[in-house]
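Peer 1: What follows is the residue order along each chain.
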Amino acid sequence: MPDLTHLLAAQVPLSWYLILSVILFVIGAAGFLIRRNIITVFMCIELMLNAVNLSFLSFSHQLKNLDGHIYSFFVMVVAAAEAAVGLAIILTVFKNRATLEIDEVSSLKL
Amino acid sequence: MDVILFLVFAAIAVGCALNLVLQTHPISSALSLIGVMGSLAVLYLLLGGEFLAAVQLIVYAGAIMVLFVFVIMLLNAGGEKRPSKKVLRTAVALPLLFTLAGVAAYILATQAPRTEAVRFGAFTAGPYEVGRALFTTWLLPFEVTSILILIAILGAVVLARKEI
Numbered sequence: 001m002p003d004l005t006h007l008l009a010a011q012v013p014l015s016w017y018l019i020l021s022v023i024l025f026v027i028g029a030a031g032f033l034i035r036r037n038i039i040t041v042f043m044c045i046e047l048m049l050n051a052v053n054l055s056f057l058s059f060s061h062q063l064k065n066l067d068g069h070i071y072s073f074f075v076m077v078v079a080a081a082e083a084a085v086g087l088a089i090i091l092t093v094f095k096n097r098a099t100l101e102i103d104e105v106s107s108l109k110l
Numbered sequence: 001m002d003v004i005l006f007l008v009f010a011a012i013a014v015g016c017a018l019n020l021v022l023q024t025h026p027i028s029s030a031l032s033l034i035g036v037m038g039s040l041a042v043l044y045l046l047l048g049g050e051f052l053a054a055v056q057l058i059v060y061a062g063a064i065m066v067l068f069v070f071v072i073m074l075l076n077a078g079g080e081k082r083p084s085k086k087v088l089r090t091a092v093a094l095p096l097l098f099t100l101a102g103v104a105a106y107i108l109a110t111q112a113p114r115t116e117a118v119r120f121g122a123f124t125a126g127p128y129e130v131g132r133a134l135f136t137t138w139l140l141p142f143e144v145t146s147i148l149i150l151i152a153i154l155g156a157v158v159l160a161r162k163e164i
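Going down the list, the protein sequences come from chains R and A. Per my numbering, the first sequence starts with residue 1, numbered consecutively. Per my numbering, the second sequence starts with residue 1, numbered consecutively.
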C-alpha cells in the first residue's frame with residue numbers, strides 16, 4: 001500500500017491551518033449576523049475568538065516563537081472575563097425585558 | 001499520521017461550527033461549541049501547544065461552557081420560533097462573508113510558504129516554556145490581566161444584583 005504510507009508520512013502545510021481558521025471565523029461571523037438568540041450570538045463570538053487563537057498558534061509554530069502562545073493565552077483570559085460580564089448582562093436583559101430575542105432589545109437604535 | 005489527524009479534527013470542528021449556527025435551540029449550539037473547542041484542542045496539540053491545549057479544555061470547554069449551559073438552563077431558553085425578519089441583512093451578509101472566506105483562502109493557499117510544513121514535535125510549548133515567557137517577558141501584561149479579571153468580577157456582581 002504505497003498510497004497509505006505516503007499519506008502517513010505526509011506533512012500538513014501551514015496554509016491548511018490558516019484556511020481552517022478562516023472557515024471557522026466566517027462561520028462564526030455568519031452566525032453572529034443571522035442568529036437572533038442572544039446566547040447563540042454570544043457563542044458565535046466565542047467561536048470567532050477560537051478561530052483567531054488557532055491562527056495565532058499556527059504562526060507561532062511556523063516562526064518557532066512563543067509569542068503566539070502568550071497572545072492566545074491572553075485572548076482566553078479576556079474571553080473568560082467577557083463571558084462572565086456578558087452572561088450577567090444577558091441575565092439582566094432577560095430580567096428586565098423577559099426576552100432573549102436580539103431584535104427586541106433595540107432601545108439604543110436611532 | 002499528521003494529515004489524517006488534522007483532516008479528521010478539522011472536519012469535526014467545521015461540522016460542529018456549522019451545527020452551532022444552524023441549530024435553533026441554544027443548548028444544541030452549546031454542545032456543538034464544546035465539540036469545536038475539543039477538536040481545536042487536538043489541533044493545538046498537533047501545533048505543539050501542550051499548555052494551551054490543556055487550558056483550552058479546562059478553561060474554555062470546561063469553565064466558560066459550563067457558564068453558558070448554566071445561563072441557558074437558568075433562563076429556560078427555548079428555540080427560535082418565528083422566522084427571521086433580517087432577510088435583507090442575511091442576503092447581503094452571507095455572500096460577502098463567503099467572498100471573504102474564498103479570497104482569504106486563495107491568498108493563504110498561494111502565498112503561504114510551501115517549503116515548511118507543520119511537523120509534530122518540531123516546536124513544543126509546554127507549561128515550562130509558556131510560564132517562563134509569561135513571568136519574564138510578559139510580566140506586566142500578566143499583572144494587568146489580574147486587574148481586568150478583578151473588574152470583570154465586580155462588573156458581574158454589580159450586574160447580577162436585584163435592583164437593576
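If you are wondering where the hints come from, they were derived from the structure by calculation, not from laboratory data. The structure displayed is predicted, hence computed values, not measured ones. Some clues are possibly wrong.
Claimed, not checked - Derived contacts from chain R toward chain A, CB cut-off under 7 Å, selection only: (1) Met48; (2) Asn50; (3) Thr92.
What the hints assert, rightly or not - Once the Cα atoms are required to be at most 27 Å apart in a straight line, the calculated DSS-like pairs of lysine-lysine come out as: (4) A:Lys86 x R:Lys109; (5) R:Lys95 x R:Lys109; (6) R:Lys64 x A:Lys86; (7) A:Lys162 x R:Lys109.
As the list claims (entries may be wrong) - FRET-style restraints, in silico, Cβ to Cβ: (8) A:Gln111 x R:Ala10: 30 to 38 Å; (9) A:Leu150 x R:Asn96: 34 to 42 Å; (10) R:Val105 x A:Tyr128: 22 to 30 Å; (11) R:Ala9 x A:Gly79: 45 to 53 Å; (12) R:Val52 x A:Phe70: 34 to 42 Å; (13) R:Val52 x A:Ser146: 18 to 26 Å; (14) R:Lys95 x A:Ile107: 29 to 37 Å.
For every residue, glycine included, the Cβ atom is placed at its ideal position computed from N, Cα and C.
Peer 1: Check each numbered hint against the structure and report the violated ones by number, ascending.
Peer 2: The structure breaks hints 1, 6, 8, 9, 10, 12 and 14; every other hint is satisfied.
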